[in-house]
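Given chain L, work out where chain G should sit, using these hints.
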Amino acid sequence: MVRSRHADRPVLLDGLGLEAILGELRRLGHTVYGPTRRGAAIGLGELRSVADLPAGWGDEQAPGRYRLRPRDDGAWFGHAVGADSWRRLLTPPREVLWRARRDGRGFEVVDEPAEPETLALVGVRPCDLAALRIQQRVVAASPEPAPSTPRPFVAVVECGAPAATCFCASTGDGPGVDDDADADLVLTELVDADRHVLVARARSARGAAVLATAPAEPASRDDLDAAVEVVRAAAGAQVRRLPDADACRSIADRPDHPRWADVAQRCLSCGSCTLVCPTCFCVVVADHTDLAGEEAWREARWDTCFSLDHSFIHGGSIRHELLARYRQWLTHKVATWWDQFGTSGCVGCGRCLTWCPAAIDLTEEVAALVADGATTATGGASP
Amino acid sequence: MTARLVPHRYRVVGHRACGPDVATIDVRPLEAAIGPAEPGQFAMLWAYGVGEVPISFRGVDAQPRRLRFTIRDVGEVSHALVGLRTGDVVGVRGPFGRGWRPETEAGRDVLVVAGGIGVCPLWPVVSRLRADRNRYGRLVVLVGARTPADLLDVDELRRWAAITGADLRVAVDRPAPGWHGPVGLVTDLLDEVDLHPEITSAFVCGPEVMMAATGRALLARGLAPERVRVSLERNMACGVRRCGRCQLGRLFVCVDGPVVDLVELGDLLEVAGR
Chain L
1 MVRSRHADRP VLLDGLGLEA ILGELRRLGH TVYGPTRRGA AIGLGELRSV
51 ADLPAGWGDE QAPGRYRLRP RDDGAWFGHA VGADSWRRLL TPPREVLWRA
101 RRDGRGFEVV DEPAEPETLA LVGVRPCDLA ALRIQQRVVA ASPEPAPSTP
151 RPFVAVVECG APAATCFCAS TGDGPGVDDD ADADLVLTEL VDADRHVLVA
201 RARSARGAAV LATAPAEPAS RDDLDAAVEV VRAAAGAQVR RLPDADACRS
251 IADRPDHPRW ADVAQRCLSC GSCTLVCPTC FCVVVADHTD LAGEEAWREA
301 RWDTCFSLDH SFIHGGSIRH ELLARYRQWL THKVATWWDQ FGTSGCVGCG
351 RCLTWCPAAI DLTEEVAALV ADGATTATGG ASP
Chain G
1 MTARLVPHRY RVVGHRACGP DVATIDVRPL EAAIGPAEPG QFAMLWAYGV
51 GEVPISFRGV DAQPRRLRFT IRDVGEVSHA LVGLRTGDVV GVRGPFGRGW
101 RPETEAGRDV LVVAGGIGVC PLWPVVSRLR ADRNRYGRLV VLVGARTPAD
151 LLDVDELRRW AAITGADLRV AVDRPAPGWH GPVGLVTDLL DEVDLHPEIT
201 SAFVCGPEVM MAATGRALLA RGLAPERVRV SLERNMACGV RRCGRCQLGR
251 LFVCVDGPVV DLVELGDLLE VAGR
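First to last, the sequence lines map onto chains L and G. Just so we're aligned, residue 1 is where the first sequence starts under the numbering used here, counting upward by one. Just so we're aligned, residue 1 is where the second sequence starts under the numbering used here, counting upward by one.
The following block holds chain L by itself, in its conformation from the complex:
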């Protein structure tokens, strides 16, 4: 990535400065997405102005629990991640792969290239930046990678508001970003009684160009120290951790661990964890026809390895037992993902804990699985 001179000069943006950034991104033809309040949760939606940010809203999260909480400081990014993740925008839940028309006794494939949207993602948390990188690796590992789409403009906001479900510090994916993070802008929110600003650093030429259009003042040494302190405090506030990579990978060798049966007693096999996970990529490929049978189309739709259909071959599902499905999800996520893609599939965002209706805590399950296999698991968490 090209670093402009601007990249070395962090600046402070206030609300007007942030507004200018959003305006410039739109002027460049981007559709700008970011965190926004949607009902009783913070999701990702189009940002038309700073007013669309969930200013003054934080959240309270625990396994199986999510509540919005008002904040008295008006912070724009004073929340942890919600159920929504950026993969919804980059690999939509339903996508038509191709269409065909009936043609006598056969069919004819109709090619309809879609116009790709150029996206700007504003407010990407470091954990989600890591997830974007992992999804790119998954696509790149295919012998038929998807057609290249314009790389989204990415403005990361370092995390100052981790939830109780967050554990990115232990996976190394947050709450701050490294200097070599693949982002265009890196922002850190500073909010106190006297001011409400973002420390902004450009990490690419286009990031620098966008930043240069905003009214800003140079950031001082104290401002930079304050930004570092935001990240340090966020890391210190995290109460959960994932065991290290070697330990995680060892669960692939423990398919008979008693903990699998234990967690299978609690898991509802609903698939929520896979749908909120920012790195899950399984899709079901389904064919459809119109009522007259004149047109058929193939759709890729987000799938979950918790469905019986996911492992169905003639005669039945390979993972017909819930134990086998939970084991597949967790083993893949934190262990075999390494073999397949050279990275973990878990970025410590905590979504699968929060949105599990049975309050299953991935970190607790992995910890139990890497503990002595002879130890019989206890009841585990209850909501």
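No lab work stands behind these hints, which were simulated from the structure alone. Mixed in with the good hints there might be a few duds.
Claimed, not checked - Just so you have them, the derived chain L footprint on chain G, three or more residues with Cβ under 8 Å: (1) 84-92; (2) 193-206; (3) 224-236; (4) 267-273.
To be verified - Some chain L residues well away from chain G (every beta-carbon gap over 10 Å; in silico): (5) L12; (6) D14; (7) E19; (8) R38; (9) Q136; (10) A141; (11) R195; (12) D287.
No residue lacks a Cβ here, since even glycine has one placed at the ideal position from N, Cα and C.
What follows is chain G alone, placed relative to chain L:
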């Protein structure tokens, strides 16, 4: 849309029923053909408006541009495919995956072990062994099926064995009137054949339990695990390591397989539901 994700149109030019629920079809492209296929690779066959299933190539070396598939009617899509008639059009994507690669075993004795419809993915290997007969040592083919009616292409195999001088043995699990051959599992046949384990390579295809049992038996006989290859079956939907549905442990069967050796397989088939 990348090339192997959109079906090529093929016309059915030959159709042969091979039992109550099995058919072999020959197809030729209407326009562009898919790329050249290797023994053991698979294609995705699409029945218009019904869906798509992975089917191993039954024949890859026949006339140019002519492909052969044997399909058993076990579900909605395969039912539609078995019901195809000469002149119908079917979608074909592929070829996908890693095949048997018999050429790497040239100079060695070859053991082929087939269970049920598992004989079909092995046909391209059998054809290659005949075409390149003097590049290989002794040939042994063991075929097992549930009942005599489930045996596919045994007459064709017998002709092949007569030409190649192969030791062909066939057993059924449940005999029927008129069956005079051995009764038992394909692993029972294995116990009876002489093998020179240090110079023997094996290609095994059949139900998972059969492949796991055969693999264990071959290792016990002293074959090297890297010389024993099996063809895995999972529900491939994309063929290009994207849909995630064909995972078996660390493997994506559509790309890392379907053919893997016992070193790559490890103990993956030893635990149910993996």
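A quick look at each hint next to the structure:
1. Only residues whose C-beta sits within less than 8 Å of a C-beta in chain L count toward coverage, and the stretch 84-92 of chain G has 4 of them, enough to reach three; the restraint holds.
2. Under a criterion of three residues with beta carbons nearer than 8 Å to beta carbons of chain L, the stated coverage of the stretch 193-206 of chain G fails, only 0 such residues being counted.
3. Only residues whose C-beta sits within less than 8 Å of a C-beta in chain L count toward coverage, and the stretch 224-236 of chain G has 3 of them, enough to reach three; the restraint holds.
4. For the stretch 267-273 of chain G, the stated coverage by chain L is satisfied: 3 residues place a CB nearer than 8 Å to a CB of that chain, which reaches the threshold of 3.
5. Distance check for L:L12 against chain G: the nearest CB is about 43 Å away, which clears 10 Å, and the non-interface claim stands.
6. Its beta-carbon lying about 44 Å from the closest one in chain G, L:D14 satisfies the requirement of being farther than 10 Å from that chain.
7. Listed as a non-interface residue, L:E19 keeps its Cβ farther than 10 Å from every Cβ of chain G; the least gap is roughly 39 Å.
8. Taking the minimum C-beta to C-beta distance to chain G, about 28 Å, the non-interface status of L:R38 holds against the 10 Å cut.
9. No beta-carbon of chain G comes within 10 Å of the beta-carbon of L:Q136; the shortest separation is about 13 Å.
10. Remark: the non-interface label on L:A141 conflicts with the geometry, its nearest Cβ contact in chain G lying 6 Å away (cut-off 10 Å).
11. No beta-carbon of chain G is positioned within 10 Å of the beta-carbon of L:R195; the least distance is around 47 Å.
12. Not every C-beta of chain G lies more than 10 Å from that of L:D287, the closest at about 5 Å, which undercuts listing it as non-interface.
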